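Each chain is listed here by its residues.
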Amino acid sequence: MASQSIEHGAGSPPPKSSAHTWKETALGALRGVGQVDFQASLWCSLVILVALWVAGWEIGLFATIGAVVATLTARLLAVSHDSVTQGLMTYCGVLGGIAMVVYLGNHPSTYVMAVCAAVTCTLVTATLGTLLTPFGLRAFTGPFCLVSLVMVLGAPSFERVWHGTPESAVTPATPKSPYVSWTDLWQGFFSNFSQIFFVETWYVGLIMLAGLFLAGWRVGLFAVLGSVVGILTAWALGAPAALIGEGIYGYNAVLTSLAFGVVLLRATAWNFAYTVLAAAATTALTASLSVLFEKFGSHTFTWPFNIATWALLAAVPFLSRITLLADDS
Amino acid sequence: MASQSIEHGAGSPPPKSSAHTWKETALGALRGVGQVDFQASLWCSLVILVALWVAGWEIGLFATIGAVVATLTARLLAVSHDSVTQGLMTYCGVLGGIAMVVYLGNHPSTYVMAVCAAVTCTLVTATLGTLLTPFGLRAFTGPFCLVSLVMVLGAPSFERVWHGTPESAVTPATPKSPYVSWTDLWQGFFSNFSQIFFVETWYVGLIMLAGLFLAGWRVGLFAVLGSVVGILTAWALGAPAALIGEGIYGYNAVLTSLAFGVVLLRATAWNFAYTVLAAAATTALTASLSVLFEKFGSHTFTWPFNIATWALLAAVPFLSRITLLADDS
Amino acid sequence: MASQSIEHGAGSPPPKSSAHTWKETALGALRGVGQVDFQASLWCSLVILVALWVAGWEIGLFATIGAVVATLTARLLAVSHDSVTQGLMTYCGVLGGIAMVVYLGNHPSTYVMAVCAAVTCTLVTATLGTLLTPFGLRAFTGPFCLVSLVMVLGAPSFERVWHGTPESAVTPATPKSPYVSWTDLWQGFFSNFSQIFFVETWYVGLIMLAGLFLAGWRVGLFAVLGSVVGILTAWALGAPAALIGEGIYGYNAVLTSLAFGVVLLRATAWNFAYTVLAAAATTALTASLSVLFEKFGSHTFTWPFNIATWALLAAVPFLSRITLLADDS
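Residue numbers (the working numbering), protein chains in the order written: chain Z, 7 to 335; chain C, 7 to 335; chain Y, 7 to 335.
What the hints contain is simulated information worked out from the structure, not anything from laboratory work. Quick caveat, the model's predicted, so the values are computed rather than measured. Any given hint might turn out to be false.
[As the list claims (entries may be wrong)] Here are the simulated DSS-like pairs of lysine-lysine, each with C-alpha atoms no more than 25 Å apart in a straight line: (1) C/Lys182 - C/Lys301; (2) Y/Lys182 - Y/Lys301; (3) Y/Lys182 - Z/Lys301; (4) Z/Lys301 - C/Lys29; (5) Z/Lys301 - Y/Lys29; (6) Y/Lys301 - C/Lys301; (7) Z/Lys301 - Z/Lys182; (8) C/Lys301 - Z/Lys182; (9) C/Lys182 - Y/Lys182.
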């Protein structure tokens, strides 16, 4: 999913299964943290991982468990060497691990569930590889969304897994006022980066943004663009200011902006406009999907990013004005 | 989607982006009105457009906004010349524009939303082109259904967009009696044509039917067939008579009958039977989907037509008895 | 779907429509009963059919109606000879027929609905053939799940079809205690086989298991494995003991185990482990899907089996360790 990943074809079945060293596997697990934001850079991954531990030891620990287990699963099942070492089989496990502790609470059974979630994330990453490649699409964080959807829906049915809704999963009643304060604005701007990892703390987002700039100034700038477009769109539509301040309306736009701006499209003015439009569409979609998932007791996760990006990427072959980076080679 | 569209392959990415004249673009916008019913005929489109303005200036205006914006979007993004001039990128925008005023009410913000809906309809038409072409399917009105689903679900979350449920979107409590009166019958027969465009007035449907006969006697007859099969199926199953009279149970059957009877299948007895079966299946599906969409606060739109037609069209390669028009060439 | 079906390619459109004798058609209808469990064996099919009549004349009769109508539909529409005679167009109709009497009750209209369900199951089997073959997947019982979903959702809207929820469709309030008794265990073990056909009676399951062993010791053993894995997983997660005893948590695992163990994968240790994991994942998924379908008034049917098997089968091309039987040829 990183720019590197385009050449080595994360989207096609492995030509051969090759030897892994443990060091490569460990680097794959680390890179998986950055790959959530499409970055294979080790420094970027390290900074984001530090930010997760800063957010709280539980977040950090479950992210680490997810990364390690997902990577080991991929290695054990002999997924292609490059996919594993670039973290492409890992990033969904990172998010899946965090989702478990956020939505199930920190109980012994949650550790088991985090392991299960990470294993399943790796498998579903392969599934979406098969299902989406024929359309020129990639899995993005879809596997994490699917696995977490299923786990969060099913958990309350099982006595040994479910110990009541944890505090971290309670959405407090938010005031619906659309009048955005300065605090909402700047905190929202940073929370948009951390909310990708279920964290609502602005300085965690700040550290993550620093990590993204480490991966490249272009990466950092498109992350900033996504955050700004997300806030502006949500404000223009009249979304509740409190949710804007918590990053709820912007984290998907950040991912969409990174996807189109850095990974998928060439650097042209038309493509830049398309990226802005995609980030805005993602923000609007966030409300629809929140309503939908609330109806049957699940959560939005990064569905808006995935659905908007899949839809707008699949449209590109018909739109001569928009040009894919992949067509360069 | 019209019979013309089969040859010039609306389903494949454009071979070249060619010059458009403004006149061609305008004709494309007009043809988009007829393409809702699969017709590229200018006269047919004109008559249906008149019928929409007869139904009310708001319906007419928003349909026109949708047609113009969707067509301009396609031209701006350099969609292939023929798709634009035949109205194939326009018809979903027409329906999307009307849906906005029906479900959001006539407010200044609704004009902005209609523009957004039309732009998105054009993009999602391209998306479904990519996703469905490998299966030999076409987008039909799926893009409109998807965009309207998302907009109607999300709108109440946004203060600046949502001004309460408008009168036009309120479904009055209908008596559940299945005993169909003569008035239900003949009004339903005509409303089945207008209900495709969210209009419940029988004489609007009558004008539209005249437009369809202008496009060809075969077109008119299959529209009539769809309407009759829809009413008979709904009556046989015991649907509420009031809904039959409002065209709720028949408008999808009209579209399915036009799709299979005029656009997709050759003129054989077996294919005729398959068309009738498809129209009946569409009617039955209407109830299931209405229940489903009501559960999470959306609407049926033309989902039953799309889903039934996709399913039964995808089945054809396995059924030697049923023969596609496309295989002639 | 049986092991035989792999060679003759149930997944590709018919090369030619060939003559059917009535005897072949009749055998196809009978084989359809066994094909629910992936078996084309006539003896196995006969034993399962007997078990269905033992479960009650209504179950037996509607299964028979479904089998006959689905097979005749396929023959009438000239589906390829082998698909029909191997029962591959029939098995969904068998389940669809039973579902109608269970969820609508035994009324005259239900016979009409069973015929409609069987016809639609055959058509949707063809649909999924077209949609899934490009991904290397097969329809499994997906057509039955889709058709029953639609019928159960839509039925209450139609006066002439709906006569109130029948006793057979009422789920009694189950105690949520996860403490499994010995009776729960052994009754659940056998009910897991019968629950595939909506039957909760342990000795019906016992007869069916005997039928599976008739089709081959390997078939019987993987059915046993699925049932055991289903019970163990449900117990470990803390599912309500009463539901385990009724086979609710295990019937999908039986199908998944048969699919991966007998039909899809080669006999290696890694593949065996993957089959166990798939059966466990299916069981966990059962809870999520039950919650989901309950929300909008439908039922779980064999969705967990289909979704888990599609997902894990689509993942295989990326997992060098797991090897498909189909790659042998």
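Original post:
Honestly, which of those hints from before does the structure not fit?
Top reply: 4, 5 and 9
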